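J.: The listed protein sequences derive, respectively, from chains A and B.
Everything in the first sequence is counted per my numbering, starting at 7 for the first residue and increasing by one.
Everything in the second sequence is counted per my numbering, starting at 1451 for the first residue and increasing by one.
Hints in this document: simulated from the structure, not taken from any laboratory.
Hints may contain errors.
[Claimed, not checked] DEER-style ranges, computed between Cβ atoms: (1) B:Leu1462 <-> A:Val381: 44 to 54 Å; (2) B:Tyr1574 <-> A:Ser361: 45 to 55 Å; (3) B:Tyr1574 <-> A:Phe71: 14 to 24 Å; (4) B:Glu1603 <-> A:Thr266: 54 to 64 Å; (5) B:Phe1476 <-> A:Thr45: 35 to 45 Å; (6) A:Gln458 <-> B:Leu1462: 31 to 41 Å; (7) B:Leu1462 <-> A:Ile239: 21 to 31 Å; (8) B:Arg1461 <-> A:Ser372: 57 to 67 Å; (9) B:Glu1658 <-> A:Arg442: 49 to 59 Å; (10) B:Glu1658 <-> A:Asn81: 26 to 36 Å; (11) A:Arg167 <-> B:Glu1603: 34 to 44 Å.
Remember, predicted model here, so these are calculated numbers, not experimental data.
Here a beta-carbon is modelled for each residue, glycine too, at the ideal position from N, C-alpha and C.
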Amino acid sequence: MSATTSNASVRSTEPLVWGNPSFHDVTQTVSGIVEERKTPIWWWVAISISGALTLNFFAMMAYLFWTGIGVWGNNVPVGWGWPIVNFVFWVGIGHAGTLISAVLFLLRQKWRTSINRFAEAMTIFAVICALIFPGIHVGRIWVAYFMFPIPNQMAMWPNFRSALMWDVFAVGTYFTASFLFWYTGLVPDWATLRDRAQTKWRRLIYGVLAMGWRNGNKQWKHYELAYLLLAGISTPLVLSVHSVVSTDFATSMQFGWHTTIFPPYFVAGAIFSGFGMVMTLAILARIVYPPVKNYMTVTTLERMAKVIMLTGMMVGYAYITEFFMAYYSGNKYEQFVFVNRMFGPYAWAYWIMFSCNVIIPQIFWSKKMRTSIPVLFVASIFVNIGMWFERFVIVITMHRDFLPSSWGMFKPTIYDIGIFAGSFGLFFTLFLLFLRFVPMIAMSEIKGVLPQAQVKHHHGHDEGGA
Amino acid sequence: MAQIFSPKMNRLLLNSVIGSILVVVFVVFFFWYYGSPKYTDVGYRPVQPVKFSHKLHAGDIGMDCRYCHSQIEQAEHANIPPTQTCMNCHKVIGADNANLDPVRESWNTGEPIEWVRVHLLPDYAYFNHAAHLRAGVGCIECHGNVRQMDKVEQMKPLSMGWCLDCHRSPDQYLRPQAELTNMEWTPPVDHTEWVAKFKQEKKINPPEDCSACHR
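From just these sequences and the hints, can you work out the full model?
T.: Put into structure tokens, the structure is as follows:
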């Protein structure tokens, strides 16, 4: 476990894991959730709801493919509508996973170990939801292969000068890198589950997933190097992916979108929303699996609240800068876009966004608020709402474009709403499956940050294995 | 505890990686070649309702294409001749030839002969036949040497890539107006100079944008 433990000492005097568990306790607690014979009743209730939403999601998509994108409220001048709002929303949420798993790993922030598995899983599921939206937004799903450089008799080739093309590759790369990183971290834990398995099928399935892990020294050496390299590869993605997503807007000739502030503003917003979602899910996990409370401690949540407050202020700074630049540019069209956002017919959306993203996180100046679970939970929900509305404001306030005769209001249809709700269904379905079948806390990494893993406590023990 | 997997499994991972790369390459190649019109459409030679030979009429007798296909230089859609055109000659020639029975039947009843179309472009591709002839594209470039075909068949893929090949560098496919229907014409030595002048005079600038064909 040298990568996570060597030469960095825990700076905080407070232990990262509460209750002073032994290595065995960690394995018992985390594996116990997966190995529980009887699936808890709340799980069945939750997956019935999310499963129903998911089925509705697929049914509505099938209807969409059959009928065409006219079933949505998209119309000129709001050509992008909710699908792109949802796409940016989900990709943004996906950012916390990589930030927690890669950037904080390289920065030796050990508190990440209790939530990194969790956050990475959330990232993967969010990116899956995100990838669906541009795919269905093209309307003609059967020609979606146009986006890939596949030789064909039409002499058709992707236009690599298009920001939308960069998007395909940025998000695709992000998914691949996040998945590999997540899976690599899982290998030792798969092996633990395999070794503890009581039934033949469990042993077989977890055995395949563990890919022959034997806890050998050499394997650990390779594993840690691979993990470090993947962290290095993933780190630039934290910045690049949402920057590229922002260029979808920023490279267009549209006032309110055509600004250089977009990439950093989007990245900050992405981390903000991602941490909000991790917070929501972590608190829910603490409620349904109380033993997890010792791992996803209040201190960890408090640290996340600090990140939320910081990134929330960065987002707020971006909002104000945008507004100031519109004023300072002296360009009346640019000014109109922002005045229309703040005081036009969609002012309610703008102020929801502003309150949720800028004002509400200010409560985290108080330690009492940062350490109160109900407050954190409610605030994290507001962050999610606020960030969805941020994308709503950006995409939908194009309802007043250059041509006043085409001005209009965007009205979502039942399919807009159903597909958006359905994406939450898919997200939570995948997450519930994750909670039930995958160790949600990185056991091998947690063991590395326990006090007894420090050399000064025990010399050369190798209990960290399983 | 007994081993779950035998050591043979070690090779499985490598093999599956190699295998999946091969599958992807195979699938792409399969659709690129076997799915393209080069494979699916070229050589299409439907059975026509009349046993008509282009080789006999255009080749051996030496009739000009435009005797029957009379509007190809004026119309967006190249025309198939009506029965009347056939009967100009066949009222006299081959009056007792059984192969001409369907033609005479059409002549007597007024029902047109249902020729089967060989060169069919998709509905979403706009194509103007006259414009191509005016730009100096000879018949043979798209239809092949019809003069030697007993039964007409599709010789060129008519795919988008094939269209673009010519739109991007048309020089070698252009010829003087007088030679449009000449299947034996070969470019003279000064063709390059001629094409340059011809393109300038006629302002020939084949479009490559999407909306040129997909309107």
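J.: Does each hint fit the structure? Answer for all of them.
T.: The hints, checked one at a time:
In this structure the supplied range 44 to 54 Å holds for Leu1462 of chain B paired with Val381 of chain A, their Cβ-Cβ distance being about 51 Å. Judged by the Cβ atoms, the range 45 to 55 Å given for Tyr1574 of chain B and Ser361 of chain A holds: they are separated by roughly 49 Å. For the pair Tyr1574 of chain B and Phe71 of chain A, the supplied restraint of 14 to 24 Å holds, since their beta-carbon distance comes to about 19 Å. Checked against the hint of 54 to 64 Å, the C-beta distance between Glu1603 of chain B and Thr266 of chain A comes to roughly 59 Å, which is consistent with it.
At roughly 42 Å, the beta-carbon separation of Phe1476 of chain B and Thr45 of chain A lies within the given 35 to 45 Å, and the hint holds. For Gln458 of chain A paired with Leu1462 of chain B, a C-beta distance near 37 Å keeps the hint of 31 to 41 Å intact. In this structure, Leu1462 of chain B and Ile239 of chain A meet the distance hint of 21 to 31 Å, their C-beta atoms being roughly 26 Å apart. Distance hint check for Arg1461 of chain B and Ser372 of chain A: the Cβ-Cβ separation is about 59 Å, which falls inside the suggested range of 57 to 67 Å.
Checked against the given bound of 49 to 59 Å, the beta carbons of Glu1658 of chain B and Arg442 of chain A, roughly 55 Å apart, stay inside it. Taking 26 to 36 Å as the suggested C-beta distance range, the pair Glu1658 of chain B and Asn81 of chain A conforms, at roughly 31 Å. Between Arg167 of chain A and Glu1603 of chain B, the C-beta spacing of about 41 Å keeps the proposed range 34 to 44 Å intact.
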